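Add chain B to chain A, keeping to what the hints say.
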Amino acid sequence: MTEVTRGPARATAPEEPPDGGESALTNLTVVPARHPWRWAATAVVLVLAAMAVHALVTNPAWDWPTVGAYLFAPSILRAVALTLQLTVLGIVVGFVLGTVLAVMRLSPNPLLRSVSWTYIWVFRSVPLILQLLFWYNLALLYRSISFGIPFGPAFFEIGTMDLITPVTAAVLGLALHQAAYAAEVVRSGFLGVDQGQLEAAAALGIPRWRRFRRIQLPQAMRTIVPTAANELIGLVKGTSVVYIMALSELFYQVQVIYTRTGRVIPMLLVAAAWYLALTTALSIGQFYVERYYAKGALRVLPPTPIQRLRTAVRRAR
Amino acid sequence: MTTTTTPMVELKGVHKSFGAVQVLRGVDLTVGAGEVTVLLGPSGSGKSTVLRAINHLEKVDRGFVRVDGELIGYRRAGNRLHELPERLILKQRNRIGFVFQNFNLFPHMTVLENVAEAPVSAQGRDRATVRTEARELLDRVGLSDKADEYPRRLSGGQQQRVAIARALALRPALLLFDEPTSALDPELVGEVLDVMRDLARSGTTMVVVTHEIGFAREAADTVVFLDEGRIVEQGPPAQVLDDPQEPRTRAFLSAVLH
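In order, the protein sequences belong to chains A and B.
Mind the numbering: the first sequence is residues -8 to 308 in our numbering, read in order.
Mind the numbering: the second sequence is residues 639 to 896 in our numbering, read in order.
One thing to keep in mind: the hints can contain errors.
Below, a sample of chain A positions facing chain B; criterion: calculated Cβ distance under 8 angstroms [as the list claims (entries may be wrong)]:
(1) E190
(2) A193
(3) G196
(4) P209
(5) K286
(6) G287
Pairwise CB distance ranges (calculated) [to be verified]:
(7) B:G701 with A:P99: 18 to 28 angstroms
(8) B:K729 with A:L267: 50 to 60 angstroms
(9) B:E787 with A:A32: 40 to 50 angstroms
(10) A:G276 with B:A893: 51 to 61 angstroms
(11) A:V291 with B:K729: 37 to 47 angstroms
(12) B:R790 with A:P99: 23 to 33 angstroms
(13) B:E721 with A:L97: 19 to 29 angstroms
(14) A:V280 with B:E787: 19 to 29 angstroms
(15) A:L103 with B:G672: 40 to 50 angstroms
I should point out that these hints are in silico values taken from the structure, not numbers from a laboratory.
Predicted, not measured: the structure shown is a model, and the values here were computed from it.
Beta carbons: idealized from backbone N, C-alpha and C, even for Gly.
The shape of chain A in the complex, shown without the other chains (with noise of 0.2 angstroms):
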């Protein structure tokens, strides 16, 4: 091709130092290429960007001294506090739950099997703000619990009101509907797993639990992570829905204060800010828990940030 085109190019550019090709071309200056659109954009986008950083800044009614005056209040810490326990306790208890539920899915055995559907099914399709009052209002339902034989006599009785306070409802109703998504997180990520690892495993003799934990739980992490750190952000989100149970968690504790001074805009800028903050510590939390499940699996890992942040200094240098 470039033989073709060479013979007439010569001809019609007698400029060209005689021998015409190869080593003149090799002396030649790169010029990338350029990209007018994209400094294009990038003022559209900068403009924009000021535009919002002065209408946040400028308006009187968003109200930042509010923000900062109540952002570290103790009654604030405090529902942030809680809000995080209910998080921390709703996402244990639904994964150790949804585990075993998955893993019931995934049993040889049809009964566990319908069981662990049913359960899917029923707590996947009630919305959380039903199941949540459902287990408030037990004592309505049952006046009492008791431990025992079933069927038979029992050891001990308690109070359902006394059992079930409006933490433990929250607690129950977030962690039992949590339960339901993340079997289906936790079985779609031992699906991914591919049978020749188990065989492996099973034809070395290795038992049954040190093969769950050593060689498929590792491997199916790999997909759990992302999902499992989706749900759990949902969830640090989904604690506001508590409020209706008039506990004092971040969302309902805003609300209490606006209802108060009634300076709304700010407290939920408050919450907002909370919110972010926690899902924020959340991401990064996930970001080296999937680079530790990522061993292996790719053939270099990617740096974390100070470690890009070293490099950099280092080439700046």
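Just chain B, lined up with the frame of chain A:
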């Protein structure tokens, strides 16, 4: 009962169906200790199933399998065979190394961890000694410099050699190979066969499913030809490969060799 007369592997009247498909229709096979047996046959002839029945990865429908005189997967009581609990089956597999076509190395563990996993978690041996032994085994398959790599960074041939080291780490009485070179690029087949030849020479009892006729001719004591779930012909390689008596064996060999 002297160990010299007990065959290492003994299959008697083994039948196996997958749904309506009959894969094995009465297989009798004996492998003496220290012998190398190569199973040949067209795809679907049941040779992999024979291999998988030996370590009970596949439950047989009829007949039985014995390894070193011990019934595999079952316990005999009078006229009945009771299936063993999983724990005991796993223990029996500890004496039988298995090498897969697709290596099946654990991708999240380093090469050394792959080799050292089962001796520690399945045999309960001391971690430090197992690791030293694992390094020696890696040296034996020529991969001592790869101990801390993850499997994905190795070539197929290297991965399969790790898989062989992993099987050897159990100190098995018997090694089973299920088409160990079929997933490899042609230029990597040699390095794996070299390791297997070495093992054969050192007196390891091996049952190998393969299409490598050259390996069978060189390393096998017995070549077994299967077709449609039955053993058609068996004997020393010189007899089965160079002077096959059965037309089906002849047809298969001429197809493979040309």
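Consistency of the hints with the structure:
Satisfaction of the interface hint for A:E190 is found here, the shortest Cβ-Cβ separation to chain B being roughly 7 angstroms, below the 8 angstroms cut-off. Annotation: A:A193 was flagged as interfacial toward chain B, and the flag holds, the nearest CB pair being 7 angstroms apart, inside 8 angstroms. The criterion of a C-beta within 8 angstroms of any C-beta in chain B is met by A:G196, whose closest approach is roughly 4 angstroms, and the hint holds. Hint status for A:P209: holds, given a least beta-carbon distance of 5 angstroms to chain B, under 8 angstroms.
Nearest Cβ of chain B to the Cβ of A:K286: about 6 angstroms, under the 8 angstroms cut. The hint holds. Interface hint at A:G287: satisfied, since its Cβ lies 4 angstroms from the closest Cβ of chain B, which is below the 8 angstroms cut-off. Judged by the Cβ atoms, the range 18 to 28 angstroms given for B:G701 and A:P99 holds: they are separated by roughly 24 angstroms. The hinted range of 50 to 60 angstroms is satisfied by B:K729 and A:L267, whose Cβ atoms lie roughly 55 angstroms apart.
Separated by about 44 angstroms at the C-beta atoms, B:E787 and A:A32 satisfy the suggested range of 40 to 50 angstroms. The hinted range of 51 to 61 angstroms is satisfied by A:G276 and B:A893, whose Cβ atoms lie roughly 59 angstroms apart. The hint said 37 to 47 angstroms for the Cβ distance between A:V291 and B:K729, and at roughly 40 angstroms that hint holds. Look at B:R790 against A:P99: about 32 angstroms separates their beta carbons, and that is inside 23 to 33 angstroms.
Checked against the hint of 19 to 29 angstroms, the C-beta distance between B:E721 and A:L97 comes to roughly 22 angstroms, which is consistent with it. Take A:V280 and B:E787: their Cβ atoms lie about 23 angstroms apart, and the range 19 to 29 angstroms holds. A hinted range of 40 to 50 angstroms holds for the C-beta pair A:L103 and B:G672, which are about 47 angstroms apart.
Checked against the numbered hints above, the structure violates none of them.
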